[in-house]
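Enquirer: Once you have looked at the hints, place chain B on chain A.
Residue numbers (the numbering used here), protein chains in the order written: chain A, 767 to 1126; chain B, 23 to 516.
Since the hints were made in silico from the structure, they are not lab data.
Since this is a predicted model, take the numbers as computed values, not measurements.
Some chain A residues near chain B, calculated using beta-carbon distances under 8 Å:
#, residue
1, Ser993
2, Arg996
3, Asn998
4, Lys1059
Yeah, the Cβ is synthetic: ideal placement off N, Cα and C, and Gly gets one too.
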Amino acid sequence: MTGKKSIGTENKFADLFRRQIFIPIAALLLLALFNLVVDPSFFKITLGHNSVGDPVLTGYLMTILDYGSEVAILAIGMTLVTAASGGQDISVGAAVAIAGSVILRVLVGLGGDGTLQAPILVGFLAACVVAMLFGAFNGVLVAIFRIQPMVATLILYTAGRSIAAWINNNELPIITDKGFTVFGGFIPGIPIPTPFFLAVLCVVIALLVLKFTNLGLYTQAVGINSSSSRLNGLNPTFIKWLSFVILGLCVAVVGLIKTSRLSTINYSVIAKDIEMDAILAVALGGNVLSGGKFNIMASILGAYVIQFLTTTLYKFNVSSDALPAYKAVVVIMLVVISAPTVKEKLGAWGRSLKKQKGAA
Amino acid sequence: MRGIYKSFPGVRALQGVDFTLCEGEIHALMGENGAGKSTLIKVLTGVYEKDEGEIYLKGSEKPAVIKSPQDAQNLGISTVYQEITLCPNLTVAENMYIGRGKAQITNWKKMNADAGRILENLGIPAKANQQLSDCSIAIQQMVAIARAVDMDCKVLILDEPTSSLDESEVEKLFGLMRDLRARGVGIIFVTHFLDQVYEVCDKITVLRDGQLVGEYVIEDLPRVKLVAKMLGKELNDMEEIKDENQVYTGEEELVIEAEGLQSDAGIKPFDFVIKKGEVNGFTGLLGSGRSECVRALFCADKIIAGKVKKKGKPVKMTKPLDAMKNGIAYLPEDRKIDGIVGDLSVRENLILAAQVLRGFFKPFSRAEANKFADEYIKLLEIKTASADTPIKSLSGGNQQKVILARWLLTHPEYLILDEPTRGIDIGTKIEIQKLVLKLASEGMSVTFISSETDEMLRTCSRLIVMRDRKVVGELSGEDLTQSKVMETIAGGEM
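This is chain A alone, in the form it adopts within the complex:
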């Protein structure tokens, strides 16, 4: 093992390229640099007051923190689903609509006058239960019936928004209680958007769970080699199923944020295409989309990078119709860079660069 030490120092540069978190960080820095050069005012944050007189910070960065948090929360669950099942859940947008609809139904009910009929916590817990049930439904299709995750979740993707509308009898209940706007807006006196705190909370819980249980090890083992995992006493079916249920929990939190922003719901538009952003976040984080090893923090960072990109494009007045095309170009670049073959080449390039430096 004499080679070990020399390789260790020699390859630091190459290692940097191989590190999973490198891609989202590099993408973030690149986007930041771009904005800095083109228009430094992108980074301006102003302290103002909202309509009720509470202090709020506004600016593009705040928008990123605010909306990126929704994707970040979903990315936690999506990362686990990806790792365990080797596929993605494309029904999360529709599931968010269902969760939001449940919250409204419980809080104001049909034909209500907008005042709260139940504590917000109860509404949220009901949404959690329902979202987890739908997650469990997806999980059964994938884990027990072994349907491709994308195909399995296509069912809920198609039906979800109709179910959401049906829950409230196609009415659009409006919540007038100001207390409800806190989750998608600001906590009085705190100028940073609440969704960011909710995302931090979710991340902390996820990291604690990963630290104090074997969820990470089991999920990765099942995702990499389900047959071998079974012979080591694991239950791959259960673990795959569980990942979908956990994603359901994430969906409920986003449902709360989304409905809180509007104090009502628009069944066909709420959380539209958010599943794609969540999947992209996982991919950007350098996680293998066919399952196996994962890094939650990289996915979270990926989520904010995607929102950074979206916000940057909006700032340049790209119309919302054209947005996906621009996004696609950037995403292609990022995903290509993070592809293993390219990474290997970059690593080799880094090594030869280092060697030349050493020679000179």
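Expert: Using the frame of chain A, we list chain B on its own:
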């Protein structure tokens, strides 16, 4: 091949290796696991790019450029790898023609007819339109060879082709190899079976630790010397183990008893007992149901009938975890599919089973995991750059040691080893055999399965013989001889 160098992160796999292959010869490439055989072959076939060195082909002064497997194929270098690399969900014929860029693949009828003819010529009992996954591993291996042969190769590389073939199939393969040799094909033959080397090869090249030990004409290198060269030391170990005649002298306490056990894998119900500190084995031809029996004991397949008792008390077991909780450990036959978790590190692979037993809410701390990893890497002399290295980048024998360590870490009372020595080098084989005997002397019960009968005779004190998915006999004491085993396997017809 001249002065080949190749490094991987943390390991120098090849250090200036020369290798020469002549037309119409069968050349054995020998060495322990991790000696660099597979790496050398992968460099030759373009799977890896070499760091330094040159490769020359016949009639050319210029070094050949081999940057991809496709280049190698175009130059007439074909390979059959140790692990089958065909597509299980395609038909036999499709597997033979896929990736050849010719028109065959679009002309189904012709393709199937051509494939059928080749299979027939080689005497391979498979149909061209049969799905590959329906064939046994042995047949899949032969299809891979048929594919290589049909590509008009000048150089044929066989990497452990015989590790999953039974004797008559091996004979057939050797016939084929001799035939090809007569036609001027140069064959590189990598194997761990010494008998086979002496039966079929003309020359031997020995590698050790990524370096060339030497090239020898087969007559000049008797067996003992070959082993010594591979290990880099004079070898008394093998003799030592051979001298011990295994007679079970331990206690009479029954650890596991099974009565009328049957799984859904298609075996007849069987009875089984193992005593404390005993080593027994299942023997029989490939596909006779040896693996299925031990899988049933571990509940790896669905149990449909039978009772199991542990130390006289009936236990209810329905899934592997139940078996693990009852102190049973199972090292599976197919390391790649059922054993390793490829992308996870050596450490994670090592603690996996013990961790599952310990429970979901009680993960080992980093320090504990490291301690286990270091302990077993040292104990079993596992060659790895570090405990963080993904297990898939280890050589086959070292992967096997990690899996063995995984089960030892669970401190089982009953250890089942299904083909633990398949595809691994002779040094490691002896280490594993010794370890089995040592564990047994410490009171562990072991069931040992191996395709090599002499290995079983050396370690087991009782052999259960299987034929056609049924237990047909049991041998112990005086009856433990090669001929007696063969007789029982073959049955009354002999």
